[in-house]
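All chains, full assembly: derive it from the sequences and hints.
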Amino acid sequence: MNFINLLKIAVKALSNNKLRGFLTMLGIIIGVASVITMLAIGQGSKESIRAQISEMGSNMIMIMPGTHERGGVRQSAESMQTLKETDYKSILNNANFVSAVSPIMQSSGQYINGANNYPSSMHGVSPEYLEIRKLKIDKGAMFTERDINSSAKVCVVGKTIIDNLFPGDDNPIGKVIRFNKVPFTIVGTLQSKGYNSMGQDQDDVVLAPYTTVMKRVLAIDYIQSIFASALSEEKTEEAIDEITEILRTNHKLRESDEDNFTIRSQQELSNMISSTSDMMTILLACIAGISLLVGGIGIMNIMYVSVTERTREIGLRMSIGARGIDILSQFLIESVIISITGGIIGVLLGCGMAVIVKFILQWPISIQAYSVILSFLVCTITGIFFGWYPAKKASNLDPIEALRYE
Amino acid sequence: MAKEIIRLENIRRTFKVGNEEVHALRGVTFSIEEGQFVTIMGTSGSGKSTLLNLLGCLDTPSSGEYYLDGISVRTMGKNERATLRNRKIGFVFQNYNLLPKTTALENVMLPLLYNNKVSSKEREHRSIEALAHVGLSDRMYHKSNQMSGGQQQRVAIARALVNDPVIILADEATGNLDTRTSYSILVLFQELYKKGRTIIFVTHNPELAQFSSRNIVLRDGKIIADELNNNIKSAKEVYDNLPTEND
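Residue numbers (my numbering), protein chains in the order written: chain A, 1 to 406; chain B, 1 to 247.
FYI, nobody ran anything at the bench for these hints, they're computed from the structure. For every residue, glycine included, the Cβ atom is placed at its ideal position computed from N, Cα and C. Some clues are possibly wrong.
Here are the simulated EDC-like cross-link-like pairs (lysine to aspartate or glutamate), alpha carbons at most 16 angstroms apart as the crow flies [said to hold, decoys possible]:
(1) Lys88(B) / Glu33(B)
(2) Lys8(A) / Glu124(B)
(3) Lys78(B) / Glu401(A)
(4) Lys236(B) / Glu207(B)
(5) Lys101(B) / Glu309(A)
Using C-beta positions, here's what the derived DEER-type ranges look like [claimed, not checked]:
(6) Lys392(A) / Arg74(B): 25 to 35 angstroms
(7) Ser137(B) / Asn2(A): 20 to 30 angstroms
(8) Asp220(B) / Asn2(A): 42 to 52 angstroms
(9) Tyr141(B) / Thr380(A): 28 to 38 angstroms
Listed below in structure tokens is the structure:
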């Protein structure tokens, strides 16, 4: 049997029932379109999280005081005082895989400028903090090592702070604001960074010399945490090992002792977040896959009804010389045409929907070539798989019975 | 002596209905030569449908031999018989069995679509010719549901002719038509007969016997009469003498 003839017969049979053909396709269309859109959304959000993390500084390393047992009672990390200024100095002077390092002293309170006040926090850092967090000075300048040594009451502020404390004035350099009754002179402003992926306002920030925060604001003699930057993202592991070694020596820990500090890198965070979004993607793909399956069953259903309805036609075709294989091929081709056409429409619709989502909801999307190919493949297989049984049934009909069928 | 198209030798066909065996044909022997117009008559239950199915290679006998154009059919498989039907037999059914929503031309082309050896050009040419034979040149692109019963049956006859079969099997071909149209179809069959076609016409209507060249009568699965008709009545004359409807 000539394949082109069979194709003609199948196309003709389908075009006799356009509406039904389309309704059958609908299941496949929805299935494929949802697979593609879901995967595009899942992949898009994953990529945007990746990008934001690396913007935050993907080679960033965070060192926090570790949990520690005191007389059998485990203490919370915040109350620990295991990190000292000497630890920071040792890392600064001895670590080779670290490009920048800064302590972080955090204190929250109310900022006051005349009649305006605003609740926020103050970060006590060293000038290298700018490099670690990829921050840039807009106006004025960053405070210097000398300010740190002298515990100067100076600060660099972010845009949100300026907006709240100096409404209508965008150059607050040289002005004095009060933080928990301590006056600070503004020496610089930070370039606006907007919100990060977690929805945090990255401009709601005030930076001051860590020594000032430590002595004049918090009045403590230990460091809350240390941020560092590895030379590159790939060198993060080496940098962590090196810092661990330095801190263990400093803390005089024995071989058997646990670390009394915790080191975290953005890489871990990035891995954690992308594994979460991977799971979301798999979940979405599963849902979409199920709808594709339902679409396939729809094809089987319709083809089955179609075989019953066209029993007489099948009988006639057989009586004028169609063999079982010809009838089988005809019905298989019909179901494959339905599923492939549905697949093509589904791919177009899915890409269209992904683009609409991008423009209307402003969600990041990324259409995956593999999802297009995969769902197309699944469609064809679905068509053959679910078309097989009805087609087999049709080809096994007895022409005498089929001709007499009412 | 004309060429022998069909030879049946002691054909028996039994069916199992539940635990009972039904003997539809109990030893039927005859042969049909090229150019004969044979009517096979019998009441319902006489076995004429079973015989037709066997002659049309839709079924195989339980015992006995059937030669179609010199080929033994009894041992053939389903697919071989399908191909044999495609090349050697033209069917005309009582209810026309045209494909719905399909033009006359496409319906006539259908048997040739199942024949690899016919190119699409030849397919179209032969189909147009077959439609011209039955007088439907002006209805080629009409869909089957836009035609009258008589026209539909003509399309079906054109479809039976298009593969140039050795035999045309008509199963109550006039059964669904009114008297006037029935005669016009009979006229067509007689024209084909005059052109040398071999035709087997299965019917329960004894009136039709006088228009054919040979009559075989079946009863209870056996042949009770088989006679040649030397005085063939012209269907055209009867048709011309029929009162035309004036409404």
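Hint by hint, here is what the structure shows:
| no. | hint | verdict |
| --- | --- | --- |
| 1 | Lys88(B) / Glu33(B) | 14 angstroms, holds |
| 2 | Lys8(A) / Glu124(B) | 14 angstroms, holds |
| 3 | Lys78(B) / Glu401(A) | 15 angstroms, holds |
| 4 | Lys236(B) / Glu207(B) | 15 angstroms, holds |
| 5 | Lys101(B) / Glu309(A) | 15 angstroms, holds |
| 6 | Lys392(A) / Arg74(B): 25 to 35 angstroms | 27 angstroms, holds |
| 7 | Ser137(B) / Asn2(A): 20 to 30 angstroms | 27 angstroms, holds |
| 8 | Asp220(B) / Asn2(A): 42 to 52 angstroms | 45 angstroms, holds |
| 9 | Tyr141(B) / Thr380(A): 28 to 38 angstroms | 35 angstroms, holds |
Hint compliance for this structure: every hint is met.
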